[in-house]
Structure formats: structure tokens, C-alpha cells
Amino acid sequence: MAGSKEVEWGDIWHNPLGGKERKMLEQKNNNTSEQKNKNTLEQTESKGMSLIVKTITRLTVGLILLYGIYIVLHGHISPGGGFAGGVIIALSFIHLMLAFGKEEVLKRFSSEYITFFEGLGATLFLGIAILGFLAGYFFLDFFVDKGAPFNLFSAGNIPLYNIAIGIKVSSGLFAIFVFLVLLRVIKDKDKQ
Amino acid sequence: MLELEFLIIFMILGAIIAIETKDMLSSVVAVGISGLGLSLAFLFLKAPDLAITQLVVEILCLIILIRATLRRDLPFSTSGRWYFNTTVTFVFLGAFLFLSYFILKELPSFGQPLMRVSEFYLNQGKNLTKATNLVTSIILNFRAYDTLGEATVLFTAVIGVLAVVRKIGRK
Numbered sequence: 099m100a101g102s103k104e105v106e107w108g109d110i111w112h113n114p115l116g117g118k119e120r121k122m123l124e125q126k127n128n129n130t131s132e133q134k135n136k137n138t139l140e141q142t143e144s145k146g147m148s149l150i151v152k153t154i155t156r157l158t159v160g161l162i163l164l165y166g167i168y169i170v171l172h173g174h175i176s177p178g179g180g181f182a183g184g185v186i187i188a189l190s191f192i193h194l195m196l197a198f199g200k201e202e203v204l205k206r207f208s209s210e211y212i213t214f215f216e217g218l219g220a221t222l223f224l225g226i227a228i229l230g231f232l233a234g235y236f237f238l239d240f241f242v243d244k245g246a247p248f249n250l251f252s253a254g255n256i257p258l259y260n261i262a263i264g265i266k267v268s269s270g271l272f273a274i275f276v277f278l279v280l281l282r283v284i285k286d287k288d289k290q
Numbered sequence: 523m524l525e526l527e528f529l530i531i532f533m534i535l536g537a538i539i540a541i542e543t544k545d546m547l548s549s550v551v552a553v554g555i556s557g558l559g560l561s562l563a564f565l566f567l568k569a570p571d572l573a574i575t576q577l578v579v580e581i582l583c584l585i586i587l588i589r590a591t592l593r594r595d596l597p598f599s600t601s602g603r604w605y606f607n608t609t610v611t612f613v614f615l616g617a618f619l620f621l622s623y624f625i626l627k628e629l630p631s632f633g634q635p636l637m638r639v640s641e642f643y644l645n646q647g648k649n650l651t652k653a654t655n656l657v658t659s660i661i662l663n664f665r666a667y668d669t670l671g672e673a674t675v676l677f678t679a680v681i682g683v684l685a686v687v688r689k690i691g692r693k
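In order, the protein sequence lines correspond to chains B and D. Numbering (my numbering) for the first sequence: 99 to 290. Numbering (my numbering) for the second sequence: 523 to 693.
In case anyone wonders, no lab produced these hints; they're calculated from the structure.
Pair by pair, the computed Cβ-Cβ distance ranges are:
#, chain 1, residue 1, chain 2, residue 2, range
1, B, F236, D, N649, 20 to 26 Å
2, D, F618, B, F251, 48 to 54 Å
3, B, E202, D, L547, 23 to 29 Å
Ideal Cβ positions, reconstructed from N, Cα and C, are used throughout, including at glycine.
Build out the structure end to end from the sequences listed, making use of the hints.
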């Protein structure tokens with residue numbers, strides 16, 4: 099599998115640690131540079147949007163990510179929770195991807211990381227649930243001192259569940275977006 | 523509840539525009555009207571958790587739909603009517619409305635739930651879990667199995683997208 103030059107999409111299953119996607123993107127870059135006249139639309143799209151959008155994105159994307167983390171961490175105090183905060187975190191990554199193009203972002207967060215965090219979130223949720231066996235049965239709150247209400251560190255293991263769901267939802271939705279975007283690349287490659 | 527009825531009319535208008543518009547992008551944007559209207563409706567019904575989630579998921583769905591539909595020649599037939607399909611649809615719609623008339627009469631009226639189980643959650647939720655957001659205390663403590671199922675649904679959706687998008691086996 100390592101010696102094959104034709105990078106298949108299914109390779110991600112067999113070799114989860116290899117930099118297959120970077121290779122695929124480089125290959126795609128070569129393809130597009132050869133046929134620059136044919137699909138300039140795709141070329142400009144992969145580079146991202148204009149300078150204004152990029153500058154605004156640099157200013158706002160950190161705030162959006164911070165707001166998502168705030169909603170996840172304060173899910174047991176104020177409205178929100180793991181799902182809503184996770185979607186906001188995923189939207190911040192998608193914001194980055196729409197503004198700067200898919201190559202820029204996939205260089206930093208490749209889909210191996212995304213699938214790793216997806217699995218990590220699900221395993222964390224199930225692991226905290228199984229830790230309830232320490233006290234007696236499944237899904238039991240194993241904290242003895244639950245703290246006072248309206249505090250950040252209170253409510254037993256509900257914040258831990260929120261964090262696990264936040265990791266899972268953000269990486270899962272971003273994964274769906276990334277795979278649907280990469281689907282266009284492969285479809286365009288098939289047509290040529 | 524006047525504003526709710528106004529919002530529902532607004533959402534139905536958005537849905538009709540989404541069906542009738544020829545341009546794909548306008549159609550996708552018009553679908554967003556009903557989603558954002560639903561978010562406002564949740565806010566009027568005093569469910570801020572649901573409003574936040576609906577708003578954010580609506581934005582995500584709009585982005586994904588625009589990325590998926592824009593600049594792609596989807597088969598979008600505007601001519602040709604299938605009389606058999608239309609007849610079957612109307613027959614089932616009529617049967618559904620006829621039966622649901624009798625069923626909806628038996629339900630409790632709007633805004634007055636039965637409150638058998640939720641009474642316990644409302645009274646004891648804060649003392650038992652020490653979480654001030656009661657919705658979170660219900661979905662992550664009392665009904666955590668439901669949330670596990672929901673997480674499994676999302677996990678299955680991601681695996682399904684990966685399985686559909688893969689390249690091996692599409693020859």
C-alpha cells in the first residue's frame with residue numbers, strides 16, 4: 099500500500115497514520131497547474147476568498163471558537179450544552195475552511211485527526227458512563243461532592259459528558275463537511 | 523400566541539418559495555427561512571437551548587447545502603407531471619389528515635402537558651444533580667441513555683458519509 103502511487107480514498111482505512119491526503123492534495127495541485135486554463139474556477143476556489151474575508155476571518159474565528167468552548171463548559175449553568183457548543187466549534191473550523199481554502203486547512207487538521215477526535219469523543223462519553231460502575235451501575239454519577247449550584251465546577255459528571263459530546267459533535271460535523279468537500283475533488287478528477 | 527401564528531405563516535411562505543423557485547441557490551436560502559423561523563418559535567416558547575441548537579444547526583445545514591448544490595448540474599426537472607404519483611400522494615395525505623383529526627382530539631391541549639414524570643424532574647432535578655440548567659440535567663443525568671443513543675446516531679452518520687464517499691468499490 100505504501101508503494102502505490104495512485105492514492106485511493108479508501109487508503110485512509112488501511113493506513114490511518116500516513117500523510118495520504120497531503121499526497122492527494124499535492125497530486126491535485128499538479129493536475130490543476132497543468133490545466134490552469136481549463137478550470138480556473140476550481141483554482142480560485144481552492145485558494146480561498148478575497149483579502150477582506152481573510153482579514154475578517156482572522157479577527158473573528160478565534161472568538162467563535164472561544165464562544166463554542168464557553169457554551170460547552172457552561173452547559174450545566176446556562177442554556178446551551180455539548181451539542182450546541184460542538185456545532186459552534188465545528189462552524190469555526192468551517193469558517194476557516196471557507197475563507198482560506200481546503201488546502202490551507204487540511205494541512206493543519208488532516209482528516210486523520212478529525213476521525214481520531216470523533217472516536218475519542220464517543221469513547222470518552224462511553225468511558226465516563228462505564229465509570230459509573232465504580233459507584234454501582236451504568237450512567238451513575240460517581241462524584242460524592244457535587245459542589246454548589248451556579249459554580250463552574252459543580253453538577254458531578256455532567257460537565258464531563260458535555261465536554262465529551264462537544265468533542266464528538268464538533269469533529270463529527272466537521273468531518274462530514276470535509277468529506278463532502280473532498281467528494282467534489284474526486285468527482286472532478288473522475289471527469290477529466 | 524399571535525407571534526407564533528405569524529411565524530408559522532412566514533415559515534410556510536418560505537417553504538412554498540423554496541419549492542417554486544427555479545434557481546437552486548434562492549431555493550436553498552428560502553429553506554433557511556423556515557429553519558430560522560423555527561428557531562425564533564422555540565425562543566417564543568421559552569426553550570433557549572433548543573433555539574441555540576436549531577439556529578446553529580440551520581447555519582451548518584445551509585453551508586453544507588450551498589456547498590453541495592452550487593455550481594453542480596443536478597437533474598432538476600420542471601416539466602412533466604406524474605399523475606399516478608400525485609394521486610397516490612393526495613390519497614395518503616387525505617387519509618393521514620382524516621386519521622390525525624381523531625388522534626389529535628385525544629391529546630392534551632397546547633401548553634398544558636400531563637406532567638406526570640416531568641413533575642419529578644422539575645421538583646427534584648436541582649437538588650439531585652446540582653445543575654442549574656434543568657435541560658442538561660435531564661438529558662445527561664436522568665435520560666443519559668437517550669443521549670448515548672443520539673451520540674451513536676451521529677457516529678453512524680459520520681461512518682455512513684465515509685462509506686458513501688469512499689472511492690474503492692465504486693467501479
